[in-house]
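A.B. asks: Sequence order for the protein chains is A and B. Using my numbering, the first residue of the first sequence is number 10, and each one after it goes up by one. Using my numbering, the first residue of the second sequence is number 10, and each one after it goes up by one.
Worth double-checking, as some hints may not be accurate.
Since the list can't tell identical chains apart, any single copy or any two copies may satisfy a pair.
[Claimed, not checked] Here are the computed lysine to any residue pairs in the SDA-like style, where the Cα-Cα straight-line distance is at most 25 angstroms:
1. LYS129 - LEU48
2. LYS154 - LYS168
3. LYS168 - GLU223
4. LYS83 - GLU392
5. LYS161 - SER173
6. LYS168 - PRO42
7. LYS354 - THR334
8. LYS354 - PHE330
9. LYS161 - ASP149
10. LYS354 - SER332
11. LYS140 - THR297
12. LYS213 - ALA232
Honestly, the hints are just simulated from the structure, not real lab data.
2 protein chains.
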Amino acid sequence: MANIDSANQQAVERMMDARPILKGVAPARDVIPGMKPNLLLHAGPPIEWERMSGPLRGAVIGALIFEGLAKNEKDATSLVEKGEVDFAPCHHHSTVGPMAGVTSASMMVYILENETHGNKAFSNLNEGYGKVLRYGAFSDEVIAKLKWMNEKMGPILAKAIEASGGIDIRALLSESLHMGDEGHNRNKAGSIIYTAKLAPWIAKVTDDSALESEILKALGENALSVLNPVMACCKAMADSAHGVEGSTMVTTMARNGTDFGMRVSGLGYEWFTAPAEIPDGLFFPSFTSADANPDIGDSTITETAGIGAFAMAAAPAIVTFISGTPQDAINASLEMYEITVAEHKHFTIPQLDFRGTPTGIDIRKVVELGIPPRVNTGIAHKEAGVGQVGAGLVRPPMKIFEDAVRAYAKKYKL
Amino acid sequence: MANIDSANQQAVERMMDARPILKGVAPARDVIPGMKPNLLLHAGPPIEWERMSGPLRGAVIGALIFEGLAKNEKDATSLVEKGEVDFAPCHHHSTVGPMAGVTSASMMVYILENETHGNKAFSNLNEGYGKVLRYGAFSDEVIAKLKWMNEKMGPILAKAIEASGGIDIRALLSESLHMGDEGHNRNKAGSIIYTAKLAPWIAKVTDDSALESEILKALGENALSVLNPVMACCKAMADSAHGVEGSTMVTTMARNGTDFGMRVSGLGYEWFTAPAEIPDGLFFPSFTSADANPDIGDSTITETAGIGAFAMAAAPAIVTFISGTPQDAINASLEMYEITVAEHKHFTIPQLDFRGTPTGIDIRKVVELGIPPRVNTGIAHKEAGVGQVGAGLVRPPMKIFEDAVRAYAKKYKL
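All chains, full assembly: derive it from the sequences and hints.
C.D. replies: Set out below in C-alpha cells:
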C-alpha cells in the first residue's frame with residue numbers, strides 16, 4: 010500500500026505541476042499526431058458506427074459534410090457503411106472534444122503545451138449555443154458556422170495567440186474558480202477573462218474592424234468559449250500523470266454517448282468501459298429525460314484533473330443551471346475529497362477557506378467507499394440533428410472501477 | 010412607525026426599481042449640471058481647503074495642473090489660497106468619484122441615465138493602479154495618464170458606448186455578484202464583463218489598431234475599470250430614493266478624508282458629519298496604519314445602494330485583499346440585514362441561497378441596535394502625492410446616525 014500511495018503521490022504531483030500554455034491554433038491535420046483526411050476523432054472510448062448513439066452519428070455526418078467528403082446525410086452514411094471512414098477516440102491522439110467531440114482533419118484546433126513536462130494536447134474551437142455539431146446537429150447553418158469559425162475566426166485567433174506569447178490556462182482557471190466557475194459546465198468568468206486577455210491582441214493582428222468586432226462578440230457572448238482550451242489544458246495535465254508504475258489514479262474519464270470509459274495511470278492504455286448513464290438535471294422547456302441521450306463527451310477530463318463537479322463548491326450560482334442548492338454544491342466538493350489523492354496546489358475554493366480542490370481519483374477509494382466520482386454535464390437529445398436538451402449531473406458506472414481494481418490486482422499480482 | 014415603515018418601503022422600492030444605463034462619456038463641463046472652469050468637485054461632504062487632508066489636497070493640485078490652471082504645486086496652492094478655485098461635493102452635482110473624487114471641467118465622465126425615474130448621474134474614468142490622482146498623486150506621469158485617458162481613451166469609449174446603445178449596469182452588477190464581486194473593492198468580474206461587452210463596439214468605432222489594443226488592455230487589466238460606472242449607477246439609484254417624506258433611509262454616505270458625511274431620504278439635503286475613522290485592513294509592504302489617511306471617497310455609495318460590504322458574502326475571495334476569512338464575509342452580509350429595510354430584488358447572493366442583498370440603511374435600526382454600516386475601502390496615504398497604501402474595512406462614526414435621528418425627531422415632531 011505504501012508503494013501504491015507513493016506512486017499516486019507521484020502521479021498527482023505531475024498532474025498538479027503541469028503548466029499547459031495555450032500556444033496557438035492550427036488545422037488538426039498539421040498538428041495532431043496521426044491525423045489524416047479520412048479519420049474522424051470522437052469523444053469517449055473506442056466505438057464502431059453500429060453502436061454509435063444519435064448525437065455522435067449526427068456529428069459524424071456533419072463533419073463529413075464539413076470536410077466536403079459527403080454532400081448530405083445519406084451520402085455520409087453510405088460512405089461510413091462502405092468502410093471509407095476511420096474512427097478513433099480523441100484521447101488516442103492527445104485530443105479532447107466536448108459532447109460528440111468529433112474532430113476532422115481540416116478543423117482548427119487549439120494547441121496546448123505543457124511547459125513542465127513537454128507534452129501537448131489539442132481541442133477544437135467552441136461553437137457556442139443552439140444548433141451545434143457537438144450536440145449532433147448538422148444542418149446548413151451548423152456547417153456555415155463551422156466554416157466561419159475555421160476560415161474567419163480561427164486564423165485571427167492563431168495570430169492573436171501567437172502575438173500574445175501564449176496564455177497560461179492553469180492561471181486562468183485558478184482565477185476563474187475564484188469567480189464562481191467550476192471549469193466544466195460553468196466557464197462564464199473564464200470565457201470573459203479569455204476574451205479580455207485576447208482582445209488587445211486581436212485588435213493588433215487585424216485591420217478588418219467588422220470581422221474583429223464579430224470575433225470579439227462570438228468569444229465574449231459565449232460563456233463556453235474557453236471550455237475547449239480548458240479541456241485541452243486538463244488533458245495535458247492528466248496525460249503527464251499517466252504511466253506511473255503502480256498508480257491507481259484515474260487519468261482518463263470519457264464518454265462516447267454509448268459507453269463510459271476510464272483509464273488508470275498504472276494500467277497502461279486499457280479502457281475500462283460500461284454503458285453510460287442518463288444524466289439527472291434540468292431540462293429545457295418541452296424536453297424530459299425521455300429525450301436524453303446517455304452521457305457523452307470528453308469534458309469529464311475536467312473532473313479527472315480536479316475541477317468541474319469536484320470544484321462545485323466554488324460555483325454556487327451553477328445550481329440554477331444544473332439543479333440543486335448552493336449547499337449541495339458545497340457537499341459535492343466535500344464528498345470528492347473522500348475519493349481523491351490530494352488537494353490541488355493551484356486550484357483553490359474560497360468558500361472552503363481556500364482549500365485546494367479534490368484532485369486525482371483513486372479507484373481503490375471509489376470501490377472501497379462505494380462513491381463514484383461526480384460529473385457535471387450538458388445533456389444531448391438522443392436523436393441525431395436535434396441538439397442540447399438540458400444540463401445536469403451524472404456518475405460513471407461503478408463497474409468500471411471494480412473492473413479496474415481487478416485488473417490492477419492481476420497486473421501487480423496482489 | 011407604520012408611516013415611517015411605509016415611507017422607507019417606498020424609498021427602497023424606488024432605489025431597487027431604478028435601472029441606470031451607461032449611455033455615454035463626455036467632458037464634465039458639457040454634461041454635469043452647474044459645472045464651470047474654476048470649480049472642482051470632490052468626494053464627501055463640503056469642506057474648505059484649510060481642513061482638506063493630504064490626498065484630497067494632492068488631487069486638487071493635480072486637477073489644477075491637468076486643467077492648465079496651474080503649472081506646479083506651488084502655483085496651484087497659491088491659486089487656491091487666493092480664493093480663485095471653487096469647491097463643491099460631487100454629490101451636489103449628481104456626481105460621485107472614488108477616493109479624493111476630484112473632478113474638473115475638462116475631465117471625461119461617464120453618463121448614467123436611470124430609465125425608470127429619469128434622473129442622471131456621473132463619474133470620472135478609472136485611472137487603474139499605482140500613482141493616481143484619486144489617491145492624491147500629481148506627478149508628471151499621473152497628469153500624462155489623465156491626458157491619455159481624456160484625449161485618447163475617452164472619445165473612443167464615448168463612441169463605443171453610443172454605438173452599443175447603452176450598457177445596463179444594474180444587470181452587469183447582478184451578474185458580477187454571481188461571479189465573486191461585491192461591487193466596491195472587488196470589481197474583477199464586472200470589469201472584464203464590461204471590457205468584453207465594449208470590445209466589439211470599440212473594434213467597430215476605430216480603425217487605429219494600436220490605440221484600440223492599448224484601450225482594451227487598459228480596460229481589461231484594470232480590475233477596477235467598471236468601478237466608476239458602478240458608482241454612478243448606485244448614485245442614480247440612491248438619488249431616485251431621496252426626498253421621500255418621512256423616510257429614515259440613508260441615501261448618501263461619503264467621505265472627504267476629514268469628515269464622514271451622510272444624508273437621509275426624509276431629511277432634505279442636510280449633511281450629518283463627524284470625523285472620518287482610519288480603516289482597518291491589510292497594508293502594502295512597508296506601510297502601516299500610521300501612514301493611513303482617514304477614510305475617503307464617494308465609493309460608499311455602493312453600500313448605500315445595497316452592494317459593497319453589504320454583499321460581502323458573494324465575494325469570499327476578497328478576504329485575501331482586505332483581511333478576514335470567508336466566514337467573516339458571510340457574517341458581514343448577515344449583520345447588515347439587521348439594519349436595512351429590504352432584500353434587493355435584483356442583487357442576489359448565491360452563497361446565501363440567492364437571498365437579496367441587504368438594502369436601504371435605516372438610521373433608526375443603526376442607533377437602536379448600535380450597529381453602524383460596514384464599508385469596504387481602499388486606504389490612501391495621509392500625505393499628498395504618495396498614493397494607495399492598503400485596503401480594508403471601516404464603519405461610519407455612530408454620531409452621525411444619532412444626530413440624524415435627533416434631527417428627524419425634531420423635523421417630524423416625534
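A.B. asks: Could you work out which of the previously given hints the structure breaks and list their numbers from low to high?
C.D. replies: none
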